[in-house]
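Counting along the sequence shown from 1, when you hit position 135 you're at 135 in UniProt numbering, and nothing is skipped either side.
Take these hints with a grain of salt, some might be off.
[Claimed, not checked] Computed Cβ-Cβ distance ranges for the label pairs, DEER-style: (1) Ile10 x Val72: 17 to 25 Å; (2) Phe110 x Asp87: 16 to 24 Å; (3) Glu119 x Glu88: 31 to 39 Å.
[Stated by the list, open to error] No farther apart than 16 Å at their CA atoms in a straight line, the calculated lysine to aspartate or glutamate pairs in the EDC-like style are these: (4) Lys91 x Glu74; (5) Lys75 x Glu114; (6) Lys91 x Glu119; (7) Lys53 x Asp87; (8) Lys53 x Asp63; (9) Lys53 x Glu11.
Read the hints as simulated data drawn from the structure, not as lab findings. Beta carbons are placed, not taken as given, at the ideal position from N, Cα and C, and that holds for glycine.
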Amino acid sequence: MDFGMTNSVIEALYRLNTRNQAYVAAQLRALDLTIHQARSLQFIAQHPQTNQKALAHYLGKHDATVTNLLKVLEKRQLLTRMLTPGDERQKQLTLTAAGQAAVASAQAIFAHREQQIAELLSAMGHEQLVHTLQNLAGQLDQ
């Protein structure tokens, strides 16, 4: 997918993103996780007793899709879904010990990848690149 933009920022970001996604997906497969499962577990770890609606919003997925994803994680005993006191329609999501271990393993994958990239950039180049990309994302969101 070049579209005649060999030296464009968009093309370079696309190639980098494609390679990074393939790397992460392969590493997560070794943990028997998909990227959406890993992101879900990470979100739940950061937001204990969150609910499915908040997770669906974070993932940008429909409730039914998230329900199916959570059923798989629950069946694998990585999380529990319990009715929220006072709201019978919502379920609180909590990681099990196995779920916490899966989060730690997934975080190690991302930390390793971050380390690989950081080693390829100078310290200043790394910070400058992160800052520039964050600024671009912020400007494009407006």
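Outcome of the hint check:
1. Ile10 x Val72: 17 to 25 Å: 35 Å Cβ-Cβ, so the 17 to 25 Å window is violated.
2. Phe110 x Asp87: 16 to 24 Å: About 33 Å separates the Cβ atoms of Phe110 and Asp87, which means 16 to 24 Å is violated.
3. Glu119 x Glu88: 31 to 39 Å: Given about 51 Å between the Cβ atoms, the range is violated.
4. Lys91 x Glu74: Holds, at about 12 Å.
5. Lys75 x Glu114: 31 Å, violated
6. Lys91 x Glu119: 42 Å, violated
7. Lys53 x Asp87: With a Cα-Cα distance of about 13 Å, the restraint between Lys53 and Asp87 holds, given a limit of 16 Å.
8. Lys53 x Asp63: Within the cut-off at roughly 7 Å; holds.
9. Lys53 x Glu11: 34 Å, violated
Figure legend: structure checked against the earlier numbered hints; hints not met, in rising order: 1, 2, 3, 5, 6, 9.
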